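**Q** Please arrange chain L on chain S, whose structure you already have, making use of the hints.
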Amino acid sequence: MSEQDAGQLAEAYVVMQQSPDFVDLKSRYRRFAFPMTVAFLAWYFAFVLCAVFAPEWMATPVWGNINIGIIFGLLQFVSTGIITVVYVRYASKQLDPRAMVIRAEFEQVQS
Amino acid sequence: MSVIAAVGAEDSPVINMAIFLVFVIVSLWVVTRFARRNRTQADFYVAGRTFTGRQNGMALTGDYLSAASFLGITGAIAIYGFDGFLYSIGFLVAWLVALLLVAELLRNAGSYTMGDVLAFRLRQRPVRVAAAISTLLVSLFYLLAQMVGAGSLVNLLFGVTGNLWQSATIFVVGILMIIYVIVGGMRGTTWVQIIKAVLLIAGAGLMSVWVLGKYGFSLSDMLGAATHGSPEGSNILAPMAKYGKTTITKIDFISLSIALVLGTAGLPHVLMRFYTVPSAKEARHSVSSAIGMIGLFYLFSLVLGFGAAALVGPEKILAAPGRENSAAPLLAFELGGTLLLGIIVAVAFATILAVVAGLTITASASFAHDVYANVIKKGAISAEHELKVARITAVVIGLIAIVGGILAKNQNIAFLVALAFAIAASANLPTILYSLFWRNFTTRGALWSIYGGLTLSIGLIIFSPVVSGAQTSIFPDVNFAWFPLANPGLVSIPLAFLLGWLGSVTERGANPLKFAEMEVRSLAGVGAETADVVEPAAVTDVV
Numbered sequence: 478m479s480e481q482d483a484g485q486l487a488e489a490y491v492v493m494q495q496s497p498d499f500v501d502l503k504s505r506y507r508r509f510a511f512p513m514t515v516a517f518l519a520w521y522f523a524f525v526l527c528a529v530f531a532p533e534w535m536a537t538p539v540w541g542n543i544n545i546g547i548i549f550g551l552l553q554f555v556s557t558g559i560i561t562v563v564y565v566r567y568a569s570k571q572l573d574p575r576a577m578v579i580r581a582e583f584e585q586v587q588s
Numbered sequence: 011m012s013v014i015a016a017v018g019a020e021d022s023p024v025i026n027m028a029i030f031l032v033f034v035i036v037s038l039w040v041v042t043r044f045a046r047r048n049r050t051q052a053d054f055y056v057a058g059r060t061f062t063g064r065q066n067g068m069a070l071t072g073d074y075l076s077a078a079s080f081l082g083i084t085g086a087i088a089i090y091g092f093d094g095f096l097y098s099i100g101f102l103v104a105w106l107v108a109l110l111l112v113a114e115l116l117r118n119a120g121s122y123t124m125g126d127v128l129a130f131r132l133r134q135r136p137v138r139v140a141a142a143i144s145t146l147l148v149s150l151f152y153l154l155a156q157m158v159g160a161g162s163l164v165n166l167l168f169g170v171t172g173n174l175w176q177s178a179t180i181f182v183v184g185i186l187m188i189i190y191v192i193v194g195g196m197r198g199t200t201w202v203q204i205i206k207a208v209l210l211i212a213g214a215g216l217m218s219v220w221v222l223g224k225y226g227f228s229l230s231d232m233l234g235a236a237t238h239g240s241p242e243g244s245n246i247l248a249p250m251a252k253y254g255k256t257t258i259t260k261i262d263f264i265s266l267s268i269a270l271v272l273g274t275a276g277l278p279h280v281l282m283r284f285y286t287v288p289s290a291k292e293a294r295h296s297v298s299s300a301i302g303m304i305g306l307f308y309l310f311s312l313v314l315g316f317g318a319a320a321l322v323g324p325e326k327i328l329a330a331p332g333r334e335n336s337a338a339p340l341l342a343f344e345l346g347g348t349l350l351l352g353i354i355v356a357v358a359f360a361t362i363l364a365v366v367a368g369l370t371i372t373a374s375a376s377f378a379h380d381v382y383a384n385v386i387k388k389g390a391i392s393a394e395h396e397l398k399v400a401r402i403t404a405v406v407i408g409l410i411a412i413v414g415g416i417l418a419k420n421q422n423i424a425f426l427v428a429l430a431f432a433i434a435a436s437a438n439l440p441t442i443l444y445s446l447f448w449r450n451f452t453t454r455g456a457l458w459s460i461y462g463g464l465t466l467s468i469g470l471i472i473f474s475p476v477v478s479g480a481q482t483s484i485f486p487d488v489n490f491a492w493f494p495l496a497n498p499g500l501v502s503i504p505l506a507f508l509l510g511w512l513g514s515v516t517e518r519g520a521n522p523l524k525f526a527e528m529e530v531r532s533l534a535g536v537g538a539e540t541a542d543v544v545e546p547a548a549v550t551d552v553v
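These protein sequence lines are chains S and L, in that order. Quick note: the first sequence uses the numbering used here, first residue 478, plus one each step. Quick note: the second sequence uses the numbering used here, first residue 11, plus one each step.
Just chain L, same shape as in the assembly:
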């Protein structure tokens, strides 16, 4: 393809490879430093709860700003303009739900997983199984999106469209992620996320300043250039260039916006990070510093998206391998040639690696702690045994993600992640909020809400145009789509809340004593888990 030749990555794949290898070597070195500090569950799952709010804020940023944010949003803005901007706004505002309603209370009420919070006052075995199933499904969906991102990057990096290269990259990413998690545990994973957050924000910041500099630091002039570059013209500065076509697409936009704003506080890998700090106050500071960094990044993504439209142009982006996901790397090439392309692609790989590692440790903790240790072994299990199971789970999840990533192709990553948000907002958020705030919440309410939310959100996706019946579907040649919206949030989230309520009011079983304990513990921190004693050297030895 001519675009690949234009990118000219075959000039010097050596440079690109070298930059990526440096990141891999540094991150593996960091991770192995923590190998021997993973003896207890608290060590492995939540780094002994010893991170500071600021460190955890950076790690949250690294965990949250996935390939969807960097590649997907930039691409969506470059192609659809304003409608892509909605993703950034939804992804950012969503943090207020976590800040005001979830982070601190969850930190005080639980130990390692979302299942801990539910098990606090509900019947432990069924709710732990439900929480683990939901965690695993959301994590896998999210992992798939990241793997697709890794696959489309490699095409740009090596200037090849071969499936073999793509599969090989996904394989390497999967193996690295497994190593990070089983060797480094939460400590190693967290440091990888912190390094990545710094690299990503610095990289995006550099490119944004560079782009704006080309237009005399005038946002207005840059937007003007973007309208000249786009076949949509000035429409891309107004809403509804993508979603305005019919009433259905407009409703789809509303559905997407609900899923985005309510999804974050239900994402298991975000929730788990709140346990890595010593107190609720530090959990609050984690969120506030994450909001600062994530907000800054999304401002950059606005510049990068419109900048890519102006300097690269939507036609060239759509013709590239990886389509809209390649807007950011193409912009890097346009600005700084092969070297900047190499750096930005390496940053994008770092981004993906940090996120997939966070997802994998969350999913493996959820299975090992909630299902294996507490349900199958009923709590009678040694730390060593539980951690062995967690590591095996990490390997299995990694392998599933590799296979899934190789099978999936060319969907916009931000869009795939938005589906994971819809599932998280439907299956997790109602149960979390009800168990923290509602006295009469019962086990039946939790199960109906989790399983109902999962079934509705995934079911509606299966019968939507995402899966069949349209040219862009996963199976374009068959049509079993009867649900018109691409994002199920508008229907599945309210119904999941309703099911949680309905299940609870039809069951007498709310335990007022447990609710008293939950309230006092979650709000005042009485009896909350405390941090392991830190050996000062351990915190500073990689800084």
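Extracted from the complex, chain S is given alone in its bound form:
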């Protein structure tokens, strides 16, 4: 690739980065991923902090020997599963088609 071509390619990336399509894709991705990351980390550390600072409460029996702590722990499994399924659906509906359009646009501009 000549220097000029490389310059043009770099320019094309900047143009694409600022295009409404890409800005839309980026915001749809970030709007999901960032708050969800904050949420699952908060939920996880809520579990950890309850274990450390409220062990007696966590030991409260609910069914037989199954206590709040064990249920809280199992709910972490449930929430992880739900977030995974929801994200995979969101991404294949909201993100993949938009990424495909951008790839096609970019290739068209290049050729």
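Worth flagging that the hints you see were computed from the coordinates, not collected in a lab. For clarity, every value in this text was computed on a predicted model and none was experimentally measured. Where hints are given, some of them may not hold.
[What the hints assert, rightly or not] A short list of chain S residues far from chain L (calculated; beta carbon distances all over 10 Å):
no.: 1; residue: GLU480
no.: 2; residue: GLN481
no.: 3; residue: ASP482
no.: 4; residue: PRO497
no.: 5; residue: LYS570
no.: 6; residue: GLN571
no.: 7; residue: SER588
[Stated by the list, open to error] Derived, one-sided and incomplete: chain S residues facing chain L with beta-carbon distance under 7 Å:
no.: 8; residue: TYR521
no.: 9; residue: VAL525
no.: 10; residue: TRP540
no.: 11; residue: THR557
no.: 12; residue: THR561
We put the CB at the ideal spot given by N, CA and C, even for glycine.
**A** Relative to the frame of chain S, chain L by itself:
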């Protein structure tokens, strides 16, 4: 020792050996089938990017569920109850970081290694060297833990405590791992991991159903039996049986939990697996299917841990060679006698072999690709030459792991792996996230964060009670421990993030053009590496 006699493995080491040998022979056969398909870097390092999301999800499961998960967590739950459960939860939730923030973007931005992603918009030579050093150190730490696991298994298997047997086993594991990697490359390694994932989940599932069946499939009754078996009584169902003793141990628990949840997405052998699929979408599917299988496995480990407490009892476990790491094999013996013990020990060996092979190929790729090809030879190198260097590196790493494994003893494997997680979360994760998401990230930021994270995490471990000053330390007779926590994550991870920020804001050098390219490439997949053309026979010939 009486426990060894109780295990009675000397009855029929022949059965145990036979089961293990079958796995070894099958896996070597699988691996040699790929020997001639390792001609290019893409072949050897990432299997030509031809695995499907589901296959890669299974391989990720096989790569991730190490001896720490199977032996270490089961043992920790059997002895400490609830506090051992934290490991499973942290190890599982951590995958959401990989799913939401890292897997897809990394797949699009890089080619073979973590260093590729950093080199994308930073000064290539210094960041590649830093990424390689970090990859090698995390991999070696992790390898050491697996070798310790192999050593403690053999004692149970043969009913001997001799150091010679232990060393011989570690040697054999090391040699097998070297063969898998240099012959099979990433394709062979991946298939070994897939087979192992199936064996491990099936084995753990069988034992869990068996244990629960003994208590009429009532989790509550099984937990009740576990409290009767434990000297801690009902305390083992509540948090803080292990970590509740002092404020320091409580803070240690928090530190551990941070390292667990942030470590996974910084583990080099996990990151490298994202390059073995053809697209970001497949990388996403790899993670989602891995989460399903890993979650299922950790549910089993909860049953196995409390089941071992109920049926074997903590005293017997702690008296066995390998101490808490032997909870799962002892439970197998309790349930199904010598035969099940043999099967489960063979599964555990398979587990260890698959993980160490994954670590070795990652470490050798990192040295050969990042340091040798791109820094020493500045990119002017043939595929043949680079792969020769990668194979030599694999041999060297294997030998170091053998020696290290023979020297280290009796630490809980889950605990050792947790330290590797702390190092990965400190040295790798901040740099990965900054380079994917932060416009103003610079080379200085990356170097400060990687070297700072490494120095802090390893340094704090050296000056912690893990290494000196306590009865359980590696050097119990001397005391140079001034850092009170056993896991450095609480301090080293936030500081590594801070250093990455500080290094970047004090340097003007962020290249907006490169960031534009990185964003467009990582999010939309423009210009991302594509899969090699698959010969259909190659994918199906071992299935």
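**Q** If a hint holds in the structure, say so; if it does not, say that too.
**A** Here's how the hints hold up against the structure:
no. : hint   : result
1   : GLU480 : 13 Å, holds
2   : GLN481 : 15 Å, holds
3   : ASP482 : 14 Å, holds
4   : PRO497 : 13 Å, holds
5   : LYS570 : 12 Å, holds
6   : GLN571 : 12 Å, holds
7   : SER588 : 13 Å, holds
8   : TYR521 : 5 Å, holds
9   : VAL525 : 4 Å, holds
10  : TRP540 : 6 Å, holds
11  : THR557 : 6 Å, holds
12  : THR561 : 5 Å, holds
When the structure is compared with the earlier hints, no violation turns up for any of them.
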